[in-house]
Amino acid sequence: DTGVSQDPRHKITKRGQNVTFRCDPISEHNRLYWYRQTLGQGPEFLTYFQNEAQLEKSRLLSDRFSAERPKGSFSTLEIQRTEQGDSAMYLCASSLKLTGPSTDTQYFGPGTRLTVL
Amino acid sequence: SQQGEEDPQALSIQEGENATMNCSYKTSINNLQWYRQNSGRGLVHLILIRSNEREKHSGRLRVTLDTSKKSSSLLITASRAADTASYFCATEDSSYKLIFGSGTRLLVRP
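Protein chains in written order, with my numbering: chain U, 1 to 117; chain Z, 1001 to 1110.
No lab work stands behind these hints, which were simulated from the structure alone. Virtual Cβ for every residue (Gly too), placed ideally from N, Cα, C. Hints are supplied without guarantee of correctness; some may be wrong.
[Stated by the list, open to error] Calculated lysine to aspartate or glutamate pairs in the DMTMM-like style (CA-CA distance at most 20 Å, straight line):
| hint | chain 1 | residue 1 | chain 2 | residue 2 |
| --- | --- | --- | --- | --- |
| 1 | U | K97 | U | E52 |
| 2 | U | K57 | Z | D1093 |
| 3 | Z | K1056 | U | D104 |
| 4 | U | K97 | Z | D1093 |
| 5 | U | K97 | U | D7 |
| 6 | U | K14 | U | D104 |
| 7 | Z | K1026 | U | E52 |
[Said to hold, decoys possible] Here chain Z is said to cover these stretches of chain U; the calculated rule only asks that three of the stretch's residues, wherever they fall, bring their Cβ under 8 Å from a Cβ of chain Z:
| hint | stretch |
| --- | --- |
| 8 | 39 to 45 |
| 9 | 107 to 116 |
Kindly generate the complete structure, drawing on both the sequences and the hints.
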């Protein structure tokens, strides 16, 4: 049984560089979420997909951030022109959302820790 | 922005004691969930309580929800050293995204 995986686990980059993270959800899950977590805080929602459609984006997601889920399976989160304030743990979660008013449990990956120097 | 606050921010107890964490939130919810996070790792889902439920149990966990006060509590009974972690409550809004609190750091001393 494979859970949500994220790659890389750690990324150190210099300010101004672009970085891309990948998330592989649980295979049958149709929803995929990205969160950001800074030290000592809870995760903050960034964006989510239902299959390949990006349904909602947080105001936290500036125009330097872009996320894709081209085939409704894995997703990538790219940060362009990184800033020191982008340093955080980036968490991915997936869930199986059934039709109707059901509640889906989100399963989280181990996260990608980004450090911008 | 965070939905609410956990209380206390940090809790230190002896193994075998019970640990109680509280969570307050601000807006209407579909459900409230509790997650555990070990240092620097991903979150593990513990328990979900729906907005029309008042209490739920899972093993050593007991969760209560008071929607009139917009608050929830998580009780861990007979704590173990392995329960040492950060605990977060998260509310699910109408678009199914989770809004997390700032967490309670629990230390269980052996």
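Status of the hints after comparison with the structure:
Under the criterion of a C-alpha separation no larger than 20 Å, the hint pairing K97 of chain U with E52 of chain U is consistent with the structure, at around 14 Å. Straight-line distance between C-alpha atoms of K57 of chain U and D1093 of chain Z comes to about 14 Å, which keeps the hinted pair within the 20 Å bound. At most 20 Å may separate the alpha-carbon atoms for a hinted pair to count; K1056 of chain Z and D104 of chain U meet this at roughly 17 Å. Of the supplied pair hints, the one linking K97 of chain U and D1093 of chain Z holds, its CA atoms being roughly 14 Å apart against a limit of 20 Å.
Restraint check for K97 of chain U and D7 of chain U: not satisfied, since their Cα atoms lie roughly 24 Å apart, outside the 20 Å limit. Between K14 of chain U and D104 of chain U, the direct Cα distance comes to roughly 38 Å. Violation of the 20 Å bound is thereby established for this hinted pair. Of the pairs offered as hints, the one joining K1026 of chain Z and E52 of chain U is violated, with about 31 Å between alpha carbons and a cut-off of 20 Å exceeded. Under a criterion of three residues with beta carbons nearer than 8 Å to beta carbons of chain Z, the stated coverage of the stretch 39 to 45 of chain U is upheld, 6 such residues being counted.
Figure legend: the stretch 107 to 116 of chain U, annotated as covered by chain Z; annotation consistent (6 residues with Cβ-Cβ distances under 8 Å, at least 3 required).
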